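Per our numbering, residue 1 is the first one in the sequence shown, and the count goes up by one each step.
Possibly wrong hints are sitting among the right ones.
Distance ranges between label pairs, derived from CB positions [unchecked claim]:
{"id": "1", "residue 1": "Asp398", "residue 2": "Leu23", "range": "51 to 59 Å"}
{"id": "2", "residue 1": "Ala159", "residue 2": "Pro475", "range": "26 to 34 Å"}
{"id": "3", "residue 1": "Arg368", "residue 2": "Arg409", "range": "16 to 24 Å"}
{"id": "4", "residue 1": "Asp316", "residue 2": "Arg24", "range": "49 to 57 Å"}
{"id": "5", "residue 1": "Pro488", "residue 2": "Leu313", "range": "37 to 45 Å"}
{"id": "6", "residue 1": "Gly502", "residue 2": "Arg409", "range": "23 to 31 Å"}
{"id": "7", "residue 1": "Thr476", "residue 2": "Pro129", "range": "19 to 27 Å"}
{"id": "8", "residue 1": "Arg499", "residue 2": "Gly173", "range": "51 to 59 Å"}
{"id": "9", "residue 1": "Pro412", "residue 2": "Arg368", "range": "40 to 48 Å"}
{"id": "10", "residue 1": "Ala329", "residue 2": "Leu7", "range": "44 to 52 Å"}
{"id": "11", "residue 1": "Arg104", "residue 2": "Pro416", "range": "24 to 32 Å"}
{"id": "12", "residue 1": "Ser489", "residue 2": "Arg31", "range": "34 to 42 Å"}
Just so you know, these hints were derived from the structure itself, not from any lab.
As the structure is a computational prediction, the values presented were derived from the model and not from experiment.
All C-beta atoms in this analysis are idealised placements derived from N, C-alpha and C, irrespective of residue type, glycine included.
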Amino acid sequence: MVAGRPLILGHSHLGLVSYEDYLRLADSLRRGRLEGRLPDLLLTLEHPPVVTLGSDTSDAVRELRGDPTRLPPPGVPLYRVDRGGRATYHGPGQLMVYPVVDLRAAGLDPVDLADRLVEAVRAALGDPPPGFRWTADRGLWLERDPAAGRPGWSPPGDARRKLASVGLAVRGGVTSHGLACNLYPEPGAGFGLVNPCGDPGTKVTDLETATGRRVDRRGLAGRVAFALAGLLGRTCVPVAPEDVLGVRPPWLVTRAAAGAGPDGGLPLTVCDAADCPNRGPCRARGRATYLLLGPSCTRACAFCRVPGGSRPLAPDPGEPGRVAAAVAAAVTAAAGERPHIVLTSVTRDDLPDGGARHFAATVAAIRRRVPRVEIEVLLPDFRGKPEALDVVIGARPDIIGHNLETVPRLYPLVRPGARYHESLGLLERAARAGFPVRSGLLLGLGEDTVEVLDVVQTLARAGCRLLWLGQYLRPTPEHHPVARYARPSEFDLLAGRARGLGFESVAAGPLVRSSCT
């Protein structure tokens with residue numbers, strides 16, 4: 001992870017995954033974690049019926065029940081794997097909890113992590129059934145509480161049953177495999193295929209049998225991930241299954257255009273600096289967004305590809321004139337409707353005015369060179385300084401934009417250098433000055449739809465009348481994971497709600513970006 005960003009534990013719930021597919025995925029994720037392309041992850045999933053033999057298995061016949069000449073059992077594959085532990089059955093009714101954690105970076109050994117896995121499950125389950133208690137012993141057990149005086153299971157002596165088994169594998173310091181928690185009664189032969197822990201006397205149970213309640217698998221998975229993140233000193237963030245599996249939904253496939261852009265040879269456009277997915281379509285339309293004040297940002301937002309965290313160069317006094325010349329060249333080559341250009345910049349917290357005078361100078365230079373062009377400025381937050389915004393207002397651009405980017409809850413995680421209310425205040429001040437104001441959000445950073453609608457309503461009350469909503473796409477493996485991929489229908493729904501709130505222009509879709517609206 002980039003310095004200055006919170007440490008995270010990504011959680012992805014993958015649903016039903018065959019054991020063979022999991023083994024391939026685990027190897028790929030282990031390499032990705034070793035190479036620094038992935039954060040620590042927690043996978044939760046379930047398997048079709050399968051029996052695995054851990055590294056502590058010395059006698060498979062002793063640990064598998066049934067006819068020793070028919071191993072593996074008919075219809076149930078058997079795998080020898082490098083995790084700790086003995087014979088284990090996995091199948092429907094279990095929640096698999098698989099950490100992909102760099103132990104050295106986390107300052108843990110395998111036993112520490114195994115213990116925290118068990119503790120996370122115990123915390124997620126909450127209180128045991130009346131008269132019983134949870135105990136940890138190479139897994140999680142449900143046993144009769146002697147102090148409660150409540151009868152146990154039948155037969156009377158059977159007072160301790162195993163609910164969850166744990167066994168980790170470690171290669172190169174990165175873990176795979178993990179914990180299996182029994183949620184529902186197994187509909188088939190299931191646990192009758194193995195002697196748990198290699199002991200014919202060990203009994204197992206499941207959460208539904210023990211509590212009499214059906215547990216929500218996905219909800220429990222989320223609670224386990226949250227608890228484990230806390231035990232590891234991390235922030236839990238959701239990760240889209242597509243991101244873990246290395247695929248993207250078909251509606252996100254686009255093709256980048258090659259060749260020179262419409263910027264008259266000016267090297268700095270946000271289209272390239274931020275690796276915008278719309279470079280191809282925009283260049284085909286003769287559009288680009290000009291990036292002022294250099295390529296280096298003083299912040300390091302977790303979603304943005306523009307290099308951050310370094311000390312940038314002093315503002316170049318010749319840049320406004322070069323941008324104006326590039327705009328003139330692009331406008332000359334274009335035909336038809338009134339040309340529209342966008343000016344934006346990196347965040348420059350090192351400058352007393354945040355770069356406001358440089359914006360104003362660039363707007364003035366373009367006005368002198370190309371009077372008929374429509375100029376939109378996409379501003380940083382200027383640290384909430386109203387006097388800086390007033391400098392830009394004095395230059396009279398046609399549209400003032402500033403992106404909230406995400407919901408307030410996620411600011412400490414993905415915009416740690418920004419403050420939601422400062423950003424909102426900038427938009428309110430620009431709207432009060434009579435300017436058309438644009439803002440927008442990226443979906444897929446970990447928000448939910450209710451939070452998005454709340455921000456859209458807040459923007460409407462602030463006087464914002466131009467809105468964009470797009471899909472967050474992780475620019476590099478070091479950046480914040482994609483939490484989910486919103487379907488086009490969700491963007492359509494949100495756009496309809498926004499128009500109902502009075503927004504005059506709404507651009508909403510997976511590939512929509514503020515610089516392309």
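Comparing the hints with the structure gives:
1. Asp398 x Leu23: 51 to 59 Å: Since Asp398 and Leu23 have Cβ atoms about 57 Å apart, the given range 51 to 59 Å holds.
2. Ala159 x Pro475: 26 to 34 Å: Distance hint for Ala159, Pro475 is violated at roughly 55 Å.
3. Arg368 x Arg409: 16 to 24 Å: For Arg409 against Arg368, whose Cβ atoms are near 44 Å apart, the range 16 to 24 Å is violated.
4. Asp316 x Arg24: 49 to 57 Å: 50 Å Cβ-Cβ, so the 49 to 57 Å window holds.
5. Pro488 x Leu313: 37 to 45 Å: holds, 41 Å
6. Gly502 x Arg409: 23 to 31 Å: holds, 25 Å
7. Thr476 x Pro129: 19 to 27 Å: The hinted range 19 to 27 Å is violated for Thr476 and Pro129, with Cβ atoms some 47 Å apart.
8. Arg499 x Gly173: 51 to 59 Å: Because 52 Å falls inside the window, the suggested range holds.
9. Pro412 x Arg368: 40 to 48 Å: holds, 43 Å
10. Ala329 x Leu7: 44 to 52 Å: holds, 46 Å
11. Arg104 x Pro416: 24 to 32 Å: Because 25 Å falls inside the window, the suggested range holds.
12. Ser489 x Arg31: 34 to 42 Å: Cβ of Ser489 to Cβ of Arg31: about 36 Å, so the range 34 to 42 Å holds.
Checked against the numbered hints listed earlier, the structure breaks hints 2, 3 and 7; every other hint is satisfied.
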